[in-house]
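Peer 1: Residue numbers (numbering that gives the first Met the number 0), protein chains in the order written: chain A, 0 to 374; chain B, 0 to 374; chain C, 0 to 374; chain D, 0 to 374.
The hints are simulated quantities; they were obtained by calculation from the structure and are not laboratory data. A hint or two may mislead.
Copies of the same chain look alike in the list, so a pair counts if it works inside one copy or between any two.
In silico SDA-like cross-links for lysine to any residue, where the CA-CA straight-line distance does not exceed 20 Å [as the list claims (entries may be wrong)]:
| hint | residue 1 | residue 2 |
| --- | --- | --- |
| 1 | Lys373 | Gly361 |
| 2 | Lys322 | Pro221 |
| 3 | Lys373 | Ala324 |
| 4 | Lys322 | Asp80 |
| 5 | Lys189 | Asp96 |
| 6 | Lys200 | Gly218 |
| 7 | Lys200 | Ala148 |
| 8 | Lys188 | Ser273 |
| 9 | Lys200 | Val165 |
| 10 | Lys176 | Met0 |
| 11 | Lys188 | Arg2 |
| 12 | Lys322 | Arg280 |
| 13 | Lys37 | Glu370 |
| 14 | Lys276 | Arg86 |
4 protein chains.
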Amino acid sequence: MLRYLTAGESHGKSLVGIIEGFPSNVSIDVEAINLDLKRRQWGYGRGNRMKIESDEIEILSGLRGGRSLGSPIAFLIRNRDYENWQRYMDPLGPIDDGRAVTRPRPGHADLTGALKYRFDDIRNVLERSSARETAVRVALGSMVKQLMANFGVEVMSHVLSVGNVVPGESNDLNEIKDADRSPVRCIDKKKEAQIIEAIDKAKETGDSLGGLFEVRILGLPPGLGSHVHWDRKLDGRLAQALMSIQAIKAVEIGDGIENSSLAGSQVHDEIFYSQDKGYYRESNRAGGIEGGMSNGEDIVVRCYMKPIPTLYKPLRSVDMESKEAFVASVERSDSCAVAAASIVAEMAAITVIGQEFLRKYGGDSLEEILERWKG
Amino acid sequence: MLRYLTAGESHGKSLVGIIEGFPSNVSIDVEAINLDLKRRQWGYGRGNRMKIESDEIEILSGLRGGRSLGSPIAFLIRNRDYENWQRYMDPLGPIDDGRAVTRPRPGHADLTGALKYRFDDIRNVLERSSARETAVRVALGSMVKQLMANFGVEVMSHVLSVGNVVPGESNDLNEIKDADRSPVRCIDKKKEAQIIEAIDKAKETGDSLGGLFEVRILGLPPGLGSHVHWDRKLDGRLAQALMSIQAIKAVEIGDGIENSSLAGSQVHDEIFYSQDKGYYRESNRAGGIEGGMSNGEDIVVRCYMKPIPTLYKPLRSVDMESKEAFVASVERSDSCAVAAASIVAEMAAITVIGQEFLRKYGGDSLEEILERWKG
Amino acid sequence: MLRYLTAGESHGKSLVGIIEGFPSNVSIDVEAINLDLKRRQWGYGRGNRMKIESDEIEILSGLRGGRSLGSPIAFLIRNRDYENWQRYMDPLGPIDDGRAVTRPRPGHADLTGALKYRFDDIRNVLERSSARETAVRVALGSMVKQLMANFGVEVMSHVLSVGNVVPGESNDLNEIKDADRSPVRCIDKKKEAQIIEAIDKAKETGDSLGGLFEVRILGLPPGLGSHVHWDRKLDGRLAQALMSIQAIKAVEIGDGIENSSLAGSQVHDEIFYSQDKGYYRESNRAGGIEGGMSNGEDIVVRCYMKPIPTLYKPLRSVDMESKEAFVASVERSDSCAVAAASIVAEMAAITVIGQEFLRKYGGDSLEEILERWKG
Amino acid sequence: MLRYLTAGESHGKSLVGIIEGFPSNVSIDVEAINLDLKRRQWGYGRGNRMKIESDEIEILSGLRGGRSLGSPIAFLIRNRDYENWQRYMDPLGPIDDGRAVTRPRPGHADLTGALKYRFDDIRNVLERSSARETAVRVALGSMVKQLMANFGVEVMSHVLSVGNVVPGESNDLNEIKDADRSPVRCIDKKKEAQIIEAIDKAKETGDSLGGLFEVRILGLPPGLGSHVHWDRKLDGRLAQALMSIQAIKAVEIGDGIENSSLAGSQVHDEIFYSQDKGYYRESNRAGGIEGGMSNGEDIVVRCYMKPIPTLYKPLRSVDMESKEAFVASVERSDSCAVAAASIVAEMAAITVIGQEFLRKYGGDSLEEILERWKG
C-alpha cells in the first residue's frame with residue numbers, strides 16, 4: 000500500500016516528503032515534477048512570494064539513474080526564503096522573536112492550533128498550517144501521475160468559477176487538457192474574462208475570493224475502491240484527500256449537488272454494451288463512481304474553495320497575550336488561490352487513485368503490474 | 000485509537016460489528032441503540048421492508064452488566080427476513096438460484112462489483128452494497144454517542160430539502176433536536192408539507208428522490224483533528240465518513256458552497272473574547288472547523304444525497320449473461336431515504352468525533368478521560 | 000490488505016471475529032475450520048474445561064453457498080459454558096458478584112489490567128486476557144490456510160520440548176505433517192514419552208509446564224515481505240503475531256539462537272541453481288527468510304512458551320481491595336498448553352503469510368490471484 | 000499516534016526520516032542525537048567504512064529554536080561517501096555500471112530482492128537492505144528517548160555474548176548504564192576479554208561473528224500496551240521492532256527461553272505491596288511484561304544476532320546473469336556488529352515505548368502529557 004508522510008514549515012529550511020510502496024523500475028522525470036510545482040505557483044491573483052519561491056524538487060533517495068528502486072522515495076523542496084528567515088525559524092539556534100505572532104487570524108488554524116499545542120507564539124502553528132505544505136503533496140502526486148501514465152491514466156483540472164461568476168458548462172476534454180493556458184485555468188473565454196475582472200477588483204479592495212474547480216481522471220479501469228467496507232469506497236477516500244486541502248470546504252462527486260434535487264429517473268446513468276467498447280454509459284452524472292468503485296467512466300470531482308483567509312481588509316480578532324480586541328494582521332497577500340488549489344487537487348486525487356490501483360494490481364515492479372493490467 | 004469493522008449481507012443471517020479501543024466503564028444503554036436503529040428505519044417514503052425489519056442489537060462481547068470492559072465490543076443485528084431467504088443466502092448450504100441476478104441496475108455497485116469480484120450472480124454484490132449495512136454503522140455510532148454524552152457532546156440532524164424543494168433557513172437548535180417529530184425530519188413546517196407532497200408524487204410515478212440534510216455536533220472542545228498532517232484534518236475525516244454513506248455524493252462543511260462565491264471579508268468568522276466564555280465567534284460560517292480542527296463552535300456538515308437508484312420506473316441496462324439490453328429490475332421499493340440517511344450521517348460523524356476525542360485525551364477508562372477533560 | 004478484529008470474553012456469550020479483504024470465490028470448508036478448532040482444544044495436559052467446550056464456528060456473513068463473497072466474513076464461536084455463567088457475565092443485566100475476583104494472579108494480565116482500566120473486579124480483565132481468545136485466531140487462520148492451499152502453501156507444527164525435556168532433531172516433513180497423531184504433538188517417540196511423563200508429574204504436584212515448538216510453512220514463493228521498510232519485513236511481522244500469543248515469550252527464526260554463537264562461514268545458506276529447480280539452497284539455517292523476505296525455502300519459526308501461570312501450586316500475591324497478602328487463586332486447571340499453543344501459532348503465522356501474499360499479488364478474486372501466481 | 004517513515008540508500012545522497020505525532024514543546028538536544036549516532040558506529044570489529052562516515056543529523060522541519068512544534072519532524076543524515084559514489088548512485092543522472100552486482104550473497108536480501116523487484120543489478124537491493132538504514136532508526140529513537148526522559152524513562156543495553164563466548168549474569172544497572180565504556184559493550188570484564196579475542200580471531204580468518212545482547216527500559220508506568228487485542232500487546236510490538244533489525248533472528252522477553260523449561264512455580268513473579276512502593280515484585284523473570292502490558296518492572300528484552308553475512312571467507316552462490324556458480328563477493332568488511340546492533344535495538348525499543356506511552360496519555364503538548372502523567 001502506497002503511504003507517505005509530509006513535513007515542513009512555510010519559512011523553514013525545506014519541505015520534505017517520503018513515499019513508501021512505490022513500485023520499482025518506474026522512470027521518473029524530475030522536470031515534469033518541477034513543472035507541476037510551477038503549475039501550483041502560477042495563477043492570476045497570487046501574491047509576491049510566489050515570485051520568490053520557484054520550487055524545485057531534490058530527490059534524496061529511492062531513485063537511481065532516474066528509475067525507482069522500490070524503496071522509499073525521499074525528497075525535499077528548499078524554501079529559498081529561508082535565508083531571510085533563519086533567525087526567526089532556525090530549528091536549533093535561538094529564535095529572534097521579531098516575527099512572533101500573538102494575534103490569531105479568523106479563518107485560520109491560528110487560535111485553535113495555539114490552544115491545542117500550547118504555544119504563545121502563533122507562528123508555531125501558521126508555519127505548518129500554511130498551504131505552502133501542499134507543494135509536497137504536489138510533488139508526491141506528480142510521481143504517482145507518472146506511474147499511472149504507464150497505464151494510460153491521466154489527471155486534469157480546470158476552474159469553473161471564482162467569486163460570484165456563474166459557472167458555465169465545460170465538457171470538452173481537449174480544452175480541459177489545455178487549461179494551463181488560461182491564467183486563471185478557466186477554459187470558457189467569457190468566464191475567464193469575468194474571473195480576471197473579479198480578481199482585479201478584489202485586489203483593489205484588499206479582499207480575497209474563492210471559487211469552484213473540477214478534477215477529472217481519465218482512463219481508469221473499473222473496480223478501483225470497493226463496496227465491501229465503508230473505508231474502501233473510492234468516493235470517500237477522494238473526499239478526504241480533497242477536503243484536506245487548505246480552504247476546500249465542499250467536495251462533490253459528479254453532478255452530486257444537482258442530482259440531489261432531481262428524480263431518480265433523471266439521474267442514473269444507463270448501461271450499454273457493444274462488442275468493441277464492452278460496457279459503457281452515454282452519460283456520466285455519477286462522476287465515474289458507483290457503489291464506491293470506479294465504473295470505467297471518467298472520474299469527475301468538484302471542489303468548493305473559500306476565499307483565502309489572509310486579508311488586506313482586516314477582520315476583528317483578539318490578541319492572545321493581552322486578550323484585547325484588534326483587527327487581524329496580514330501575513331500574506333494572495334487574493335485568489337483557486338487555480339493553485341486546482342493543481343493541488345489534481346495531485347491529491349491521483350495519489351488516491353494510485354493507491355487503489357496498486358491495491359488492486361499488487362505488484363512490486365512496473366513490469367509485473369503491466370503484465371497484470373494487460374491481462 | 001477507536002477502530003471497527005462491519006460485516007453482513009442484506010438478506011444474510013445478520014449484520015455484525017466489532018469496535019476496538021472503546022474505553023472501559025462506560026454505561027451503555029441498549030435501548031438507546033435500538034432507538035437509533037429505529038430512527039434509521041422510520042421516515043416517510045420508505046418501502047415495505049422497513050416494516051419487516053425492526054432492528055435490534057444483540058451484544059455479544061465487550062460489555063458486562065451494561066458497562067464497557069475496554070475489550071472489543073461485538074454485536075449483531077439479525078435479519079428477520081433471513082428465514083425466507085435462507086435457501087438463497089445460506090453461508091454454507093447449496094444455493095437455490097431462484098434469486099440470481101444477471102441484470103445490473105444503473106446507479107448501483109452491481110456491474111462494477113460483478114466485474115471486480117468475478118461473479119456471475121450480481122446478488123453476490125448487491126447484498127453487501129445495500130444500504131442495509133448502515134444499520135451497523137448506526138449501532139456503532141450510537142455507542143460512541145453515549146460515550147461522548149459524558150463530555151457534554153451531542154449530535155443531531157435535520158432534513159433541509161427533498162427533491163426540488165428549495166431549502167429554507169433553520170437554525171433553531173431546539174427545533175433541530177426535535178427533528179424526529181417530523182415524518183420527513185424537516186423542522187420547517189412549510190417545507191415539510193412540500194417534501195411530503197414531493198414524495199407522494201414520486202411514489203405515484205414510480206420514481207425516487209434525493210435531498211439535502213445537515214448534521215450538527217454540539218459541545219466539542221477546540222482542537223480535535225490537527226493542522227499538522229493532511230490525514231489528521233477533521234474536515235477531511237468527516238468528509239470520508241459521510242461520503243462513504245450510500246447515495247451521498249457531496250459533502251459541505253459549514254456554508255462551504257455559498258462561501259466559495261463570496262468575498263473573504265464576508266466569510267470568515269471574527270474572533271471575540273470574554274472572561275466567562277473565553278474565545279468565541281458570533282458567526283459560524285466555517286461550520287466549526289478551521290485549519291482542520293474543531294474550533295469550539297458547533298460542527299455543521301451538509302450532505303447531498305442522490306435519489307436512491309432502485310426504481311419502479313426502470314432504466315436501460317444490459318444483461319451480463321446474454322449481453323442483451325433490458326430495462327432494469329426492481330429490487331426494492333423505497334422512494335426516498337433522505338431521512339434515514341440523515342440518521343446514518345449523525346452516527347458516522349459522531350464516530351469520527353469520538354475517534355479524534357480519544358486521540359486527544361487518550362485514556363483507557365472513562366474516569367481517566369473525564370479527569371483529563373475537566374483538567 | 001487482509002485485516003481483522005477479534006472479540007469475546009472467556010465465559011461470555013461468544014467469541015467473534017471479522018476478517019476484511021478476503022478475496023471472492025474461495026471455497027471454505029467449515030468442517031476443516033472446526034477441525035482446527037478441535038486441534039487447539041486437544042492435547043495431553045489440558046484441564047476439564049476443554050471437555051465442556053467443543054468449539055464450532057458459525058458463519059454470519061461473507062460466505063454464500065460455501066464460497067467467499069469478497070465482503071467481510073463474520074463468525075462466532077459460542078461459549079457453551081455461558082448458560083452457567085450468564086448471571087455473572089450478562090452483557091446487559093445486573094451482575095451477580097459471586098465470581099468477582101480481587102486477587103491478581105502472578106504471571107497474568109490481572110493486576111496491570113485492573114489498574115489500567117480501573118476495575119475493582121479483576122474478572123473484567125481475565126475474561127479477555129484468557130487464551131480462550133485464541134480460538135478466534137484459529138478460526139481466522141484456518142480460513143487463510145484454506146485460501147493459501149490454492150497456491151500450494153501448507154502450514155504445520157510440532158512440539159520439540161516440554162519442561163526440561165531436551166529437544167531432539169526432527170526434520171522429516173512427513174512426520175511433522177502427522178504430528179497430530181501424538182497426544183503431545185511430538186514426532187520423536189522417545190521425547191514424546193518423556194514429555195507425557197513430565198506432564199503427569201507436573202499434574203501430580205499441581206505445577207505447570209511450558210515448552211518449545213516449531214511452525215513450518217511450505218510452498219511459499221520468494222519475495223513475501225520486503226527489505227525496503229522495517230515494518231514490512233516478514234520476520235518482524237511473524238515475530239509480532241507469534242509473540243502476541245498468550246505465554247509465548249521468545250520467538251526464533253530458523254536456527255537463530257544457535258547461529259548467534261557460530262561463525263558466519265558456518266551459518267549462511269549457500270545458493271545453487273539448476274534448470275528445473277531454479278535457485279535453491281541445500282541448507283536452511285535462515286529459516287526461509289533473508290532480508291525480511293521469504294526466500295523460497297520453508298519458513299521455520301520456533302516459539303518458547305512459559306508454563307501457563309494458572310496454578311494449583313499457588314504463588315504469593317496481594318488482594319487489591321484489602322491490600323493484604325495471600326496465595327494466588329486458581330482459575331483454571333491446564334497443566335500444559337504447549338500443544339494447543341502450537342496450533343494457535345500455525346494459524347497466526349499463516350494469517351501473516353496470507354496478508355503478505357495478497358499484498359504481493361493483489362487481487363479481488365481467487366481466479367485473478369491464481370492467474371497472477373501462475374504467471 | 001506516533002508514526003514514521005525512513006528512507007535512504009547506503010551510498011546514496013542521504014538517509015532521511017520523518018516522524019509524525021511528536022508532541023509540541025519538547026526540547027531536543029541535537030548533540031545527544033549525534034552521540035547516539037556515534038554509539039551505533041563505534042564498536043570493536045567494525046570495518047573501515049565506519050571511519051569514513053561520522054553521522055550527523057540535520058533537522059529540516061518540526062523544530063524551532065530547539066523545541067518541537069507538534070508538526071512532523073524531518074531530518075537527514077548525509078552519506079559523506081556519496082561524492083565518491085555519485086556516478087554509480089545518482090538519483091537522476093546516467094549510472095556508471097562499474098559497481099553493478101550480479102552475484103547474490105548468501106544471507107542477504109540480494110537474490111530474493113532482485114527477483115521480487117525485477118532488477119538485473121543487485122545493487123538496487125543491497126543499497127537499501129544494508130544496515131546503514133538503521134542510522135535513521137537511531138536518530139528517530141534518540142528523539143523519542145529525549146521525550147521519554149521527561150517522564151523518567153530510560154533505555155540502555157549491553158552485550159552478553161559474541162560468538163561462542165558463554166554469556167554471564169549481569170544485573171548491575173549502574174554497570175549496564177556504563178556499557179559504552181567497553182569497546183564491545185560488555186560489562187563483564189572477563190567476558191569482554193574473551194569477546195575481543197574472538198573478534199580478533201574472526202578477523203584474522205576472514206570470518207564474522209554474531210552474538211547476544213540485552214535491552215532494558217526503566218521507569219515505565221504499568222499499563223503500556225493492552226491485553227484486549229493481539230496487535231496491542233507490548234511484547235508483540237517490541238518483537239516486531241527488534242526482529243526487523245538486520246541480522247536479528249530471535250527475540251526473547253525476560254528469561255523467556257529458560258522459563259520454557261522450568262515449572263510454573265519457579266517462573267512467575269510473585270506480587271507484593273507496600274504503602275510507599277505500591278505493588279511490586281521481587282523477581283522479574285517476566286521481563287516487565289505480563290498480559291501484553293508493562294507491569295511497572297523494568298522491561299528486559301534479549302536479541303540473538305546472526306554473524307553479519309558479509310564475509311572475507313566466501314560462500315558459494317550463483318551469478319544471476321550467467322547462472323554460473325561462484326564464491327560470493329565481498330561488499331563490506333565488518334567482522335562483528337553486535338555492539339552496533341545493541342544501540343539500534345535500544346532505539347527501536349524506546350520508539351515502541353514512546354508510541355504506547357502517547358497512546359495511553361494522549362496529549363498534544365509536553366505540558367499536557369506531564370499533567371496527566373503526574374495525575
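Peer 1: Next, verify each hint and record whether it holds.
Peer 2: Cross-check of the supplied hints:
no. : hint              : in the structure
1   : Lys373 <-> Gly361 : both (14 Å within a copy, 15 Å between copies)
2   : Lys322 <-> Pro221 : between (56 Å within a copy, 18 Å between copies)
3   : Lys373 <-> Ala324 : neither (64 Å within a copy, 28 Å between copies)
4   : Lys322 <-> Asp80  : neither (32 Å within a copy, 54 Å between copies)
5   : Lys189 <-> Asp96  : neither (48 Å within a copy, 56 Å between copies)
6   : Lys200 <-> Gly218 : neither (40 Å within a copy, 40 Å between copies)
7   : Lys200 <-> Ala148 : neither (40 Å within a copy, 48 Å between copies)
8   : Lys188 <-> Ser273 : neither (37 Å within a copy, 50 Å between copies)
9   : Lys200 <-> Val165 : within (17 Å within a copy, 32 Å between copies)
10  : Lys176 <-> Met0   : neither (29 Å within a copy, 35 Å between copies)
11  : Lys188 <-> Arg2   : neither (39 Å within a copy, 47 Å between copies)
12  : Lys322 <-> Arg280 : between (60 Å within a copy, 14 Å between copies)
13  : Lys37 <-> Glu370  : neither (34 Å within a copy, 43 Å between copies)
14  : Lys276 <-> Arg86  : neither (62 Å within a copy, 37 Å between copies)
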